[in-house]
Amino acid sequence: MALSLVGVVAVHHRIPWFPSSNSNSSFLLHRLSPPLSILRFPAIRASDPTNAPPAVNQDVGVDTLRRFVELNSGNWNGVFYQFDTHGKVLNRIRTRLAASGYGEDQLLSLIQTLYIEQASSNTTISGSTNGNGSKVETEWEEYKIKETNMFTIDQYQQIGFFPDHKAFCLRYQTVGMLENVLRIGVLGEDDIGEEFPKNLKLPSYRPSLVCESCLHYLTGNVRTRAFHTMNPKGFLEMLLIFVEEPTQGGERGKEETYICSHLDEGGEVESQSRLMPFLGHWKGYSLTKRSGVYGSTVVKADTKASLEVDENGILTQDIISTTTTSTESELVTTDVHWTGTLTDNLISFDGGYSITLLPGGMYMGCPSNASKSVANSQSFHLELCWTEVDGRRRQRLVRTYDAQGLVVSSTYFYEVKV
1 MALSLVGVVA VHHRIPWFPS SNSNSSFLLH RLSPPLSILR FPAIRASDPT NAPPAVNQDV
61 GVDTLRRFVE LNSGNWNGVF YQFDTHGKVL NRIRTRLAAS GYGEDQLLSL IQTLYIEQAS
121 SNTTISGSTN GNGSKVETEW EEYKIKETNM FTIDQYQQIG FFPDHKAFCL RYQTVGMLEN
181 VLRIGVLGED DIGEEFPKNL KLPSYRPSLV CESCLHYLTG NVRTRAFHTM NPKGFLEMLL
241 IFVEEPTQGG ERGKEETYIC SHLDEGGEVE SQSRLMPFLG HWKGYSLTKR SGVYGSTVVK
301 ADTKASLEVD ENGILTQDII STTTTSTESE LVTTDVHWTG TLTDNLISFD GGYSITLLPG
361 GMYMGCPSNA SKSVANSQSF HLELCWTEVD GRRRQRLVRT YDAQGLVVSS TYFYEVKV
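Residue numbering for the sequence shown follows the working numbering, starting at 1 and increasing by one per position.
Quick caveat, the hints were computed from the structure, so don't treat them as lab data.
Just so you know, not all the hints are guaranteed correct.
Unchecked claim - Below are the SDA-like pairs computed for lysine to any residue, each with C-alpha atoms no more than 20 Å apart in a straight line:
id, residue 1, residue 2
1, Lys304, Val418
2, Lys88, Asp344
3, Lys372, Thr339
4, Lys198, Leu275
5, Lys198, Arg92
6, Lys304, Asp344
7, Lys166, Leu279
8, Lys304, Ser273
9, Lys417, Val298
10, Lys289, His86
11, Lys166, Lys233
12, Lys283, Thr219
13, Lys300, Gly284
14, Lys289, Arg171
15, Lys289, Asp302
16, Lys88, Thr219
17, Lys166, Arg92
18, Lys289, Gln112
19, Lys372, Leu275
20, Lys233, Phe196
21, Lys304, Ser286
22, Lys283, Thr323
23, Lys233, His86
24, Lys304, Gly292
25, Lys417, Thr324
26, Lys417, Leu279
27, Lys166, Leu275
28, Lys304, His381
29, Lys289, Lys300
30, Lys283, Asp344
31, Lys283, Lys233
32, Lys300, Ser286
33, Lys417, Lys198
34, Lys233, Asn369
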């Protein structure tokens, strides 16, 4: 198999396995995106430096990193999904992830190795037998992910972390990992390193933005890690999702299998069916934190949200947030009202924001045209929403950017249907 990527070590394994957790190797990803500062995003209220909280103790940053490493450590079985901008499943690839901590205190790092099920060659059928009648075993390729440490998580990945809710957002400068999963899992041994391979859509060579949002299922150990990828012109290119569950013996868990069964429905379910989990009235709270490992809570708010559709198919969304001022003597209420339409699993709001409805009670949102939003000095944010199977509870993550194109804040929402 030929790869056109630099900084990748590919190793074949006949049987998926997890190595010792003592390795401290780091591998540089190969592609750097253009500086996000070329996209001028207006600062939101929470980013006003005059309202910045007092400096925090260094130990707060160390504790945040430690909790992040603990949350991600272990062996994870998973499935990787590639969706187009209208929520259609393009590819489905099995993965394994081995993650562990290395070092202590400010020198602590998260070391991760991703194992990707390699697609069979066009001349070989997975599960077939070889010449002596024995079954051809699945091959897995190993991909070393760049280590996460105090410096990278704060300066490059600009973490937004909510440890009590097992939720986080990260910024990526490259698409190296995502492209490798697709190349290995779809092309496999037939990959000859083409920049634009047939029957496979890859992320842009120089994406304007790559953001990971992670939520854990409220009633189990399954998590979803969802990636927005936007092309150099600021348009959404594709949506990529890992659904993973911690494992001890290498077998898929019941929860992961159940959730994946909903995601596997692909584009077979009508838009109205995907919309149903989000309709109605919701009530809960939100927590907003500044980016970085030293980020502290900026805003706590009570939230109310509703999404309704009328007889003409017009969608109306209202989101109300109520916060208390620093003196706790005054309530500040913000009301956002949007209307839009639904076409082929894509909600297009009049304000220039789009939501892609995904199977499994998920949706992902972003500007319809980021470059236009920036030119008009409009706010820019990305969103992931995951609703429980029973439809009574949901979580949302929202990521916001400032005028220099750097992450300002991340907001976690927990809401119940009323």
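The hints, checked one at a time:
Our distance criterion of 20 Å between C-alpha atoms is met by Lys304 and Val418, whose separation comes to about 10 Å. A C-alpha spacing of about 9 Å is found between Lys88 and Asp344, which places the hinted pair at or below 20 Å, so the restraint holds. Taken as a hint, the Lys372 and Thr339 pair is honoured in the structure, with Cα atoms around 19 Å apart against an allowance of 20 Å. With a CA separation close to 33 Å, the supplied pair Lys198 and Leu275 exceeds the 20 Å bound.
With a C-alpha separation of about 17 Å, the suggested pairing of Lys198 with Arg92 holds against the 20 Å cut-off. Under the criterion of a C-alpha separation no larger than 20 Å, the hint pairing Lys304 with Asp344 is inconsistent with the structure, at around 27 Å. Our distance criterion of 20 Å between C-alpha atoms is broken by Lys166 and Leu279, whose separation comes to about 25 Å. A distance of roughly 23 Å separates the Cα atoms of Lys304 and Ser273; the hinted pair therefore is violated under the 20 Å criterion.
Taken as a hint, the Lys417 and Val298 pair is broken in the structure, with Cα atoms around 26 Å apart against an allowance of 20 Å. Distance restraint check for Lys289 and His86: the Cα-Cα separation of roughly 30 Å exceeds the 20 Å cut-off, and the hinted pair is therefore not satisfied. At most 20 Å may separate the alpha-carbon atoms for a hinted pair to count; Lys166 and Lys233 exceed this at roughly 33 Å. With a C-alpha separation of about 19 Å, the suggested pairing of Lys283 with Thr219 holds against the 20 Å cut-off.
Taking the CA atoms of Lys300 and Gly284, the gap is about 11 Å. The hint holds against a cut of 20 Å. Our distance criterion of 20 Å between C-alpha atoms is met by Lys289 and Arg171, whose separation comes to about 15 Å. The straight-line distance between the Cα atoms of Lys289 and Asp302 is roughly 15 Å, inside the 20 Å bound, and the hint therefore holds. Distance check on the hinted pair: Lys88 and Thr219 sit about 27 Å apart at the alpha-carbon level, beyond 20 Å; violated.
For the proposed pair Lys166 and Arg92, the alpha carbon gap of about 25 Å is over 20 Å, so the pair is violated. Taken as a hint, the Lys289 and Gln112 pair is broken in the structure, with Cα atoms around 26 Å apart against an allowance of 20 Å. Among the hinted pairs, Lys372 with Leu275 is inconsistent with the structure: their alpha-carbon atoms are about 27 Å apart, more than 20 Å. Simply put, Lys233 and Phe196 have alpha-carbon atoms about 18 Å apart, close enough for the 20 Å limit, and the pair holds.
Note on Lys304 and Ser286: the hinted pairing holds, with a Cα-Cα distance of about 10 Å set against a maximum of 20 Å. A C-alpha spacing of about 14 Å is found between Lys283 and Thr323, which places the hinted pair at or below 20 Å, so the restraint holds. A C-alpha spacing of about 19 Å is found between Lys233 and His86, which places the hinted pair at or below 20 Å, so the restraint holds. Between the alpha carbons of Lys304 and Gly292 the distance comes to roughly 28 Å, so the proposed pair goes past 20 Å and is violated.
Distance hint between Lys417 and Thr324 is unfulfilled; the C-alpha atoms sit about 24 Å from each other, more than 20 Å. For the given pair, Lys417 sits about 9 Å from Leu279 by alpha-carbon distance, which is consistent with the 20 Å threshold. Distance check on the hinted pair: Lys166 and Leu275 sit about 26 Å apart at the alpha-carbon level, beyond 20 Å; violated. For the given pair, Lys304 sits about 19 Å from His381 by alpha-carbon distance, which is consistent with the 20 Å threshold.
Taking the CA atoms of Lys289 and Lys300, the gap is about 9 Å. The hint holds against a cut of 20 Å. Only pairs whose Cα atoms come within 20 Å are accepted, and Lys283 paired with Asp344 is rejected, the gap being roughly 28 Å. In summary, the hint linking Lys283 to Lys233 is not supported, as the alpha carbons are separated by about 36 Å, beyond the 20 Å threshold. Under the criterion of a C-alpha separation no larger than 20 Å, the hint pairing Lys300 with Ser286 is consistent with the structure, at around 6 Å.
Proximity of Lys417 to Lys198 is assessed by CA-CA distance (about 44 Å); at most 20 Å being required, the pair is judged violated. Distance restraint check for Lys233 and Asn369: the Cα-Cα separation of roughly 8 Å lies within the 20 Å cut-off, and the hinted pair is therefore satisfied.
In terms of the numbered hints stated before, the structure departs from hints 4, 6, 7, 8, 9, 10, 11, 16, 17, 18, 19, 24, 25, 27, 30, 31 and 33, listed from lowest to highest.
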